[in-house]
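If you're matching them up, the sequences are chains A and B in order. So for the first sequence, our numbering puts the first residue at 1; every next one is plus one. So for the second sequence, our numbering puts the first residue at 1001; every next one is plus one.
Hints are computed from structural coordinates only; laboratory data are not their basis. Take the hints with a grain of salt, since some may be wrong.
[As the list claims (entries may be wrong)] Result set (EDC-like, lysine to aspartate or glutamate): computed pairs, CA atoms no more than 16 Å apart in a straight line:
1. A:LYS12 / B:GLU1340
2. B:LYS1048 / B:GLU1008
3. A:LYS13 / B:ASP1332
4. B:LYS1222 / A:ASP68
5. B:LYS1222 / A:ASP78
6. B:LYS1364 / A:ASP38
7. B:LYS1359 / A:GLU9
8. A:LYS95 / B:ASP1332
9. A:LYS12 / B:GLU1344
10. B:LYS1364 / A:ASP45
11. A:LYS28 / B:GLU1344
12. A:LYS12 / B:ASP1332
13. B:LYS1291 / A:ASP45
14. B:LYS1364 / A:ASP31
15. B:LYS1071 / A:GLU73
16. B:LYS1222 / A:GLU9
17. A:LYS19 / B:GLU1344
18. B:LYS1098 / B:ASP1054
19. A:LYS19 / B:GLU1340
20. B:LYS1071 / B:ASP1084
21. B:LYS1265 / B:ASP1440
22. B:LYS1336 / A:GLU17
23. A:LYS6 / B:ASP1440
24. A:LYS47 / B:GLU1363
25. B:LYS1071 / A:ASP78
26. A:LYS80 / B:ASP1084
27. A:LYS47 / B:ASP1292
28. B:LYS1071 / A:ASP31
[Unchecked claim] Covered stretches of chain A (chain B as the covering partner; in silico rule of three or more C-beta atoms under 8 Å from a C-beta of chain B):
29. 5-18
30. 30-40
31. 47-55
32. 72-85
Glycine included, each C-beta is placed from N, C-alpha and C at the ideal position.
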Amino acid sequence: MITRDKLEELAKKLMFEMKEEEYMTLEKEFDVILRQMDLIGNISDIKGVQPMTFPFEMDLDDSYLRDDVSSNEITFEDMKVNVDDYEENMVKVPKVVE
Amino acid sequence: MTDRLIDEIRSNLDSGNITSDDLFEDAVFKARKYQDDYNCFVTILDKKEESKGDSIISGIPYALKDNISTKGILTTASSNILRDYIPLYDATVYKKLKESGAVLIGKTTLDELAMGGTGTTGHTGIVRNPWDKKRMIGGSSSGSAAAVALGIVPFSIGSDTGDSIRKPAAYGGVVGYKPTYGRVSRYGLFAFASSLDHVGVFARSVKDVSYVMDIIKGHDDKDMTSLIDDDGKYVSRIDDSVCGKKLFYIKEAIDIESKSEELKKIIENFREVVNKCKSLGMTVEEVSFRKDLLEAIYPAYMCISCAEATSNNSNLTGIPFGNRISGKSVNDIMMKTRTEGFSELIKRRFVLGSYILQKENQEKLFLNAGRVRRLVVDRMNELFKKYDGLIMPATGEVAPYFDMASDKLSDEYLILGNHMVIGNFGGFPSISIPSGFVNDMPVSINITGRVREDALVLNMANKLEEVLGYRGLVKNNE
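Just chain A, with the same shape it has in the complex (with noise of 0.2 Å):
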C-alpha cells in the first residue's frame, strides 16, 4: 500500500510539486498498476527468469567503436541561441553558492 508520505517523498526528489488533486489521482494510478504488479509476480514460471534490458543480443563488436577523437563541437555562436545572458563568449550562469 502506497502512502500519501511516500508520493510526497518521491515528487520532492525528482524535484517538482504537486497540487492535491494531482496526488489524488495519483493514488488511484498507483492502487490500478500496483494490483496488475501483484498479478505479475503471481505468473508461475516468473522466478528465475533473467529479466530483459535490451529487445535482443547484438554483437557489440569492434565496428560499434569510433577512435577517440573529438567529433562534435559546437561554436559559441550556434550555443547563444538558447543562453538568455552573455557576455562576449561567455554564458551568464545562475549564481550557485548562496
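Following the hints, position chain B against chain A.
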C-alpha cells in the same frame, strides 16, 4: 498534389508540371489552413530549406515529430519545459532526409515528451482526428499521423515506444511503420525509454514507407544501438510473391465474447483480412498465447517505460537548457522549473517510475516487468521459428471520442488494445495498414515480423494492401 503518392509526385516533378517550391507552398498552405481545427504542428516553416539531394523523395515535402532535433529550428517535445529550446545539432534521421533532398515543412505535435497515447497532452493543445474532429487521433506521434491523413504531406517521421506510430496511424487511416530496433538511428531523438524507443515512418502506402525507410535506415556511429545496415533496398522486394508465407494470430485476443458492436465489427473486418491473406497464398493459423502473459504486457510496459523515462528526463532542470524559472538558489530554480514545466500526466509518470526504481521495489516491479518482457519475447521468437509474422487488428476500437478515453486495463482492452507493445519489447518490425471502416472511422491491421526482417514485413504488408484496396487513403477536408 501533396495528397498523392510519392511516385505520382515524383513523375510530376520530373516532367516539370510542378516544382519543389510549388509543393512546399502547397503543403505549408494546407498546414496553416488546418492548424486551427487539427493542431498538427508546433512549428510550420516559413522558408524552404536549401536542398541539393538527388533521390526519389528529393523536392518532396515532409514533417518531423517535434522530439527530433533540428539545428536552428525550435524543438519542444510538446512540453512547456522545452518551449523555447533550439537544438544545436541535427538528428541523424533529419540529416539523412536533408541529404536526400526531401523538404521539411514543419515540426509536429506530440503527447508531451512522447509519453501518452491520446494526442491530448501537448503544451500547444489537443490534436484532432481528420475523420471526425470529436475524436482523438491517438499518440504520441499525433501530428505526424494527422498531417499525412489530411494530405498535408505524403510522409512524416514519428517515434514509437509502445505503439506511438502504429496506433495513431490506425486511428487516422494511414500506414505506420516501426522498424526493427536499431534499424534507424536514434541520435538526436529525445529519449523516452531507451530500450523501447524507435524512429519510424508514416505514409499513405507501404511502398512510400519503403522509399523513406531506404533513405533513413543504416548504421550510425553516433548511436551505439544502431544495427549494421542490411544493405539492399526494401522497395525492390515489396512486390515479391508472398505465396507460402505463414502468419498467426493470437486466439485469446480474437476469440472473445464481447457486447461491443464496434469490437464485433472490428473482429469481422479482421476475419475478412485473414481471407484476403489466404487469397494471396499465405496461410493464417490461430495460435494460443498464455493469457497471464498477455494481460501482463501493459503493466510491464508501464513499469519499464516510466522507470526509464524518469531517468532519461532527469536532465530537464532548466539549468543547462530549457525554460528556466528564476529562483533563490539552484535547487529553487530546478524545483520551480520542473513544477511549472511538466504537466500533471508527466509528473505522475515520473513518480511511478521513481517508485519502481526504489531499491525496495525493484525486485517486485522493475525486475518482474523485465521478466515478463523476456517471457513474452521468448514466446514470440519460438512462434517465429514456424511463422513469418503475427497478424492482428491494430486496435480493439476505432479512434475514441475525447470524453471517452479507453480503460486500458479493462478485460476487453487489456489484450487487443496493448498487443502492439510486443513489437517494442522484442524490437520486432511492425506495421499498421488500413483495412476498412467501422462506424465511418478507419480501422487497421497490424503485421509484426522477425527481428531484422524489415524487408519481409514490408513485402507482406504491400501485397496485402494491394488486395485490401485502401492504398493512398486520404481525408481531404477541403
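Hints and how they fare:
About 14 Å separates the Cα atoms of LYS12 of chain A and GLU1340 of chain B, which keeps this hinted pair within 16 Å; it holds. Proximity of LYS1048 of chain B to GLU1008 of chain B is assessed by CA-CA distance (about 21 Å); at most 16 Å being required, the pair is judged violated. Distance restraint check for LYS13 of chain A and ASP1332 of chain B: the Cα-Cα separation of roughly 13 Å lies within the 16 Å cut-off, and the hinted pair is therefore satisfied. Between the alpha carbons of LYS1222 of chain B and ASP68 of chain A the distance comes to roughly 12 Å, so the proposed pair stays at or under 16 Å and holds.
Our distance criterion of 16 Å between C-alpha atoms is broken by LYS1222 of chain B and ASP78 of chain A, whose separation comes to about 20 Å. Taking the CA atoms of LYS1364 of chain B and ASP38 of chain A, the gap is near 8 Å; set against the 16 Å cutoff, the hint holds. Taking the CA atoms of LYS1359 of chain B and GLU9 of chain A, the gap is about 15 Å. The hint holds against a cut of 16 Å. Under the criterion of a C-alpha separation no larger than 16 Å, the hint pairing LYS95 of chain A with ASP1332 of chain B is consistent with the structure, at around 11 Å.
For the hint linking LYS12 of chain A to GLU1344 of chain B, the alpha-carbon distance of about 15 Å falls within 16 Å, and the restraint holds. Taking the CA atoms of LYS1364 of chain B and ASP45 of chain A, the gap is about 14 Å. The hint holds against a cut of 16 Å. This hinted pair checks out: LYS28 of chain A and GLU1344 of chain B have alpha carbons roughly 14 Å apart, not beyond 16 Å. Restraint check for LYS12 of chain A and ASP1332 of chain B: satisfied, since their Cα atoms lie roughly 12 Å apart, inside the 16 Å limit.
Proximity of LYS1291 of chain B to ASP45 of chain A is assessed by CA-CA distance (about 14 Å); at most 16 Å being required, the pair is judged to hold. Among the hinted pairs, LYS1364 of chain B with ASP31 of chain A is consistent with the structure: their alpha-carbon atoms are about 15 Å apart, no more than 16 Å. Between the alpha carbons of LYS1071 of chain B and GLU73 of chain A the distance comes to roughly 13 Å, so the proposed pair stays at or under 16 Å and holds. Simply put, LYS1222 of chain B and GLU9 of chain A have alpha-carbon atoms about 37 Å apart, too far for the 16 Å limit, and the pair is violated.
About 9 Å separates the Cα atoms of LYS19 of chain A and GLU1344 of chain B, which keeps this hinted pair within 16 Å; it holds. Straight-line distance between C-alpha atoms of LYS1098 of chain B and ASP1054 of chain B comes to about 10 Å, which keeps the hinted pair within the 16 Å bound. A threshold of 16 Å between alpha carbons decides the hint, and for LYS19 of chain A with GLU1340 of chain B the separation of about 12 Å falls inside it, so the pair holds. Under the criterion of a C-alpha separation no larger than 16 Å, the hint pairing LYS1071 of chain B with ASP1084 of chain B is consistent with the structure, at around 13 Å.
For the given pair, LYS1265 of chain B sits about 12 Å from ASP1440 of chain B by alpha-carbon distance, which is consistent with the 16 Å threshold. Straight-line distance between C-alpha atoms of LYS1336 of chain B and GLU17 of chain A comes to about 8 Å, which keeps the hinted pair within the 16 Å bound. Distance check on the hinted pair: LYS6 of chain A and ASP1440 of chain B sit about 47 Å apart at the alpha-carbon level, beyond 16 Å; violated. Distance restraint check for LYS47 of chain A and GLU1363 of chain B: the Cα-Cα separation of roughly 11 Å lies within the 16 Å cut-off, and the hinted pair is therefore satisfied.
Distance check on the hinted pair: LYS1071 of chain B and ASP78 of chain A sit about 9 Å apart at the alpha-carbon level, within 16 Å; holds. Taking the CA atoms of LYS80 of chain A and ASP1084 of chain B, the gap is near 13 Å; set against the 16 Å cutoff, the hint holds. Our distance criterion of 16 Å between C-alpha atoms is met by LYS47 of chain A and ASP1292 of chain B, whose separation comes to about 15 Å. For the suggested pair LYS1071 of chain B and ASP31 of chain A, the alpha carbons sit about 43 Å apart, so the restraint of at most 16 Å is broken.
Check result for the stretch 5-18 of chain A against chain B: holds, 10 residues qualifying (beta carbon to beta carbon below 8 Å, three or more required). Chain B is given as covering the stretch 30-40 of chain A, and this holds because 7 residues of the stretch bring a CB closer than 8 Å to a CB of that chain, at least three being needed. Coverage of the stretch 47-55 of chain A by chain B holds. Counting CB-CB distances below 8 Å, 7 residues qualify, and the rule asks for three or more. Coverage of the stretch 72-85 of chain A by chain B holds. Counting CB-CB distances below 8 Å, 7 residues qualify, and the rule asks for three or more.
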